[in-house]
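Asks: Chains as they are written, first to last, in the numbering used here: chain A, 23 to 276; chain B, 958 to 1083; chain C, 1073 to 1571.
Simulated from the structure, these hints should not be mistaken for laboratory data.
Backbone N, C-alpha and C define an ideal beta-carbon position, used for all residues, glycine too.
Hints should not be assumed to be uniformly reliable.
[Stated by the list, open to error] A few chain B residues facing chain C, derived, Cβ under 10 Å:
#1 Ile983
#2 Lys1063
#3 Glu1066
[Said to hold, decoys possible] Simulated crosslink set (BS3-like; lysine-lysine; CA at most 30 Å straight-line):
#4 C/Lys1375 - C/Lys1231
#5 B/Lys994 - A/Lys25
#6 C/Lys1428 - C/Lys1375
#7 C/Lys1375 - B/Lys1065
#8 B/Lys1016 - A/Lys27
#9 B/Lys969 - A/Lys27
#10 B/Lys1065 - C/Lys1231
#11 A/Lys228 - B/Lys1026
#12 C/Lys1183 - B/Lys1065
#13 C/Lys1274 - B/Lys969
#14 C/Lys1515 - C/Lys1369
#15 C/Lys1231 - B/Lys994
#16 B/Lys969 - C/Lys1272
#17 B/Lys1016 - B/Lys969
#18 C/Lys1183 - A/Lys27
#19 A/Lys27 - B/Lys994
#20 C/Lys1274 - B/Lys1016
#21 A/Lys25 - C/Lys1369
#22 A/Lys25 - C/Lys1231
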Amino acid sequence: MDKVKITGVIVIIAGVILAGFILGDFLPTVGDATSSANSYLSPYYIEHALHDTEAPNLVTAVLADYRGFDTLFETCVMFLAGVTALMVLLSKRKIVKGQRNPSDTNGISFSGTVLDTAFRVLIPVILIYAFYVLAHGEISLGGGFQAGALLAIAYMIDRLIPSFQNRLGFFTEETAAMTAGVGVFIYIFTGILPMFNGGNFLEYGKLPFEFAVEAAVMLHPVGIFLIELGVTVCVMATIINILEVVLERTKFDD
Amino acid sequence: MIDILQGFLAEKGIYMLTFILMGLGIFGMICCGNYMKKVVCMNIMQVAIIFFFLTLGQKDGGTLPVLVKDIFEAEAYINPLPHALMLTAIVVSLGTTGVALALLMKIKEIYGTIEEEEITGKGWKK
Amino acid sequence: MNHIPVLIILFPLCGAVLCPLISFLNPAWGKRAVVGTLFASFALSVIQLAGIVQTGEPVHYWMGGWAPPYGIEFVIDGVNGIIIVLVAFIGAFTSLFSSPFEEANPNHRFKSAGYYSILCFLVIGLLGLSSTGDAFNLYVFMEIVALSGYGLIAIGEEKGPIAAFRYLLTGTIGACMYLMGVGFLYSATGTLNMADLAIKLKEIDNTHIIILAMACMIVGFGIKMALFPLHGWQPPAHSYAHPAADPMIAGVMIKIPAYGMMRFFFCIFEETHPAAEVVFNIIGVMAVCGILFGSLKALRYDKYNKILAYSSIGQVGYIALGISLGNFYGLVGAVLHILSHAFMKTGLFYTSAALKYKFGIHYTDELGQIYRKMPVTGTAMVALSLSMIGLPPFAGFFSKWYLALGAIQNGQYFYVAVLIVSSLLSAIYFFRIFERLFMGEEKQLEDHYPAAEHGRKEVPLRMIIPVVIAAVMVVLLGLGNTFIVNNVLEITVMEVFLG
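Pulled out of the complex, with its shape left as it was, chain A reads as follows:
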């Protein structure tokens, strides 16, 4: 029988069984503030996050402080994705140190009057916004991942619009992979520092920066900022890595 029909039948049967379960009242009502999902851990996070971590943004407090270990490995996933994409599409040409490859100079460029002017205005604005989002990650919405994506956008505009010799930023694929590794290492280093001071891994309260802050609890924003910096560097470098890997094999016909 046709693969489409068999799969369709299986999926519909599974769906009907699930619908029966849902009618049978086993998932909580949407919006219920007293369901089990909303009434064990989350009131603790909402009520104590400011006191424990000095971060009004609750999602950053949970992501970067209470569950900072998860975020470390999420950053590692990004680094791994960049390195894997690079290894899969590794070019066969020999890379001689210091020599510009001839295919790079036939660069891809989209220049025209409007774009040439616009990108010179856009890039500084985007960079400022990216640093703002990074620094305010724990006060309002924002954080390391968003800042890294914005920095990568600024690089992308600079890479695609002017011609190859006139661009401002210089990343190759391997350099981007190295930078991503350095970003993750910043994160790990911020976590290892408290271990020398008597705390556990990623325990910001025991960071050895006591001379710089007034109260021990103010070390938490310092720790959160440092790990978000590491995350920003890694995310930016990974997106640039994948961009360079893909651009090397792209031919533009127009």
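Given chain A's structure and the hints, the job is docking chains B and C onto it.
Replies: Relative to the frame of chain A, chains B and C by itself:
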């Protein structure tokens, strides 16, 4: 009758939609012939799971999980934990999509096509 | 001293992320950094296991200093500790084994650095999967294992990229099913910590969501461990992976999700739940089908890697059989089979990679009289294959013995029959390999590592040592089997899974 249906849709309707979306994603991954379409359906399936988690964290009348000055009650804000978990899931799905696209470029280079029947015809035994 | 649980993961992690940077400056040192940190991690894991066996208490480590339901914790008990030692051991020796495959090339600095980085992340992911005590953290580690698996398979042989792509699609479905299971458990209890889940699941009275969560877990872990109907990705992936990373992928990567399944079904879901019996029967049926399917399909093929890949499907079926029996001997058999099969399959893939390195041998009919040119590899192949069939005194016999004891204890004699039939079937294809090895005619093959140049008859020393160690460990695990079961496994399995 209409009231029961409306009540059901208001309370549990979103779960039905997320499961329908996930079913569509899995169906597309198995039955589409083009590898690129399979990658798109993989993304649809992952987004459906993300919606499922986020729906668990809703509270009626709650606002964004950023503390407003001097309000600390738990009912005023929605649950921050599923949002933090789903940020991780979104990043993981981004990484997987990046690797999938790199693999597709390599497959196109080797086989010249990304249609499943043509690749099966060129000697890839299932 | 009490930071050991996290240091086991941190050392290789620093090595893996700094490897591209160090290789940029000096290619050989990047490789040595990764190998060195993996050996350090192995040493620490042995110290940790010694500590646990001595005190008898599980080790808890709170990340960030936050108490468990609010933060993430690592929980290491007896069974965990053994599996961490196993993963670190095989990881360290596989990274040593791959050095001749990835000679540092000054013209192409990144090639070996990328390979070592991805291999190190595979080991880190597996170590983390075994140590963690938080359900969502397990998902993140599972995705690290999966992504590094996709990378190592894609840089392999001719059909590597497409095998990796199919594995990617199937593996993502598995991870999403696991995540949905965690979502159901979270909606029912409100917590993500495993110990907390175990306590809270006993208190709720909504049994439908537990059944649904169990079903999602079976599909999720089943795809990752290549259990019978969900095994489609496995044979191409294991046949076409990068030859030096294949031992790690085929030997260890599919077993640790089986341990994860054990953790979920015996520590979190209670075994006295009314639906548990149906669920265990379903796992048993999948296991039996997998055992028979794997052993039968392996008879068809001539390519060495493919025979070993299909035989792995059968061996994972044994572990699932142990899980489905659910009693003491069944679980002891399953854990012992994880240990012994890891060494057996890893050793066989080491020999396969050694054959590819020296002579480019992929098919068994090119194996004629190879024991004259590669005596150590030939002996190891014989020893490991005899252990896979299940002959005493090798390790393979004892795990099947305990599984049979468990089946008899439960009164399910059908499983004993399946065990015997599958051992006979594996005897058929392994003896066919022996026949070609000892009595086949010698083929003229191009020697890529000639003895005259390098002063040694076999493959390089860095490749021979892991082969010999795998064969020796199989013999030791077999001979010392009563010591291991009586002094270590009995107490820990009783306490962790059935207590």
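Asks: Does each hint hold? Answer for all of them.
Replies: Taking the hints in turn, this is what the structure says about them:
no.	hint	verdict
1	Ile983	holds, 7 Å
2	Lys1063	holds, 5 Å
3	Glu1066	holds, 9 Å
4	C/Lys1375 - C/Lys1231	holds, 14 Å
5	B/Lys994 - A/Lys25	holds, 16 Å
6	C/Lys1428 - C/Lys1375	holds, 12 Å
7	C/Lys1375 - B/Lys1065	holds, 26 Å
8	B/Lys1016 - A/Lys27	violated, 40 Å
9	B/Lys969 - A/Lys27	holds, 29 Å
10	B/Lys1065 - C/Lys1231	holds, 13 Å
11	A/Lys228 - B/Lys1026	holds, 28 Å
12	C/Lys1183 - B/Lys1065	holds, 22 Å
13	C/Lys1274 - B/Lys969	holds, 25 Å
14	C/Lys1515 - C/Lys1369	holds, 27 Å
15	C/Lys1231 - B/Lys994	holds, 21 Å
16	B/Lys969 - C/Lys1272	holds, 24 Å
17	B/Lys1016 - B/Lys969	holds, 14 Å
18	C/Lys1183 - A/Lys27	violated, 45 Å
19	A/Lys27 - B/Lys994	holds, 18 Å
20	C/Lys1274 - B/Lys1016	holds, 26 Å
21	A/Lys25 - C/Lys1369	holds, 23 Å
22	A/Lys25 - C/Lys1231	holds, 24 Å
Hint check: violations occur at hints 8 and 18; the rest are consistent with the structure.
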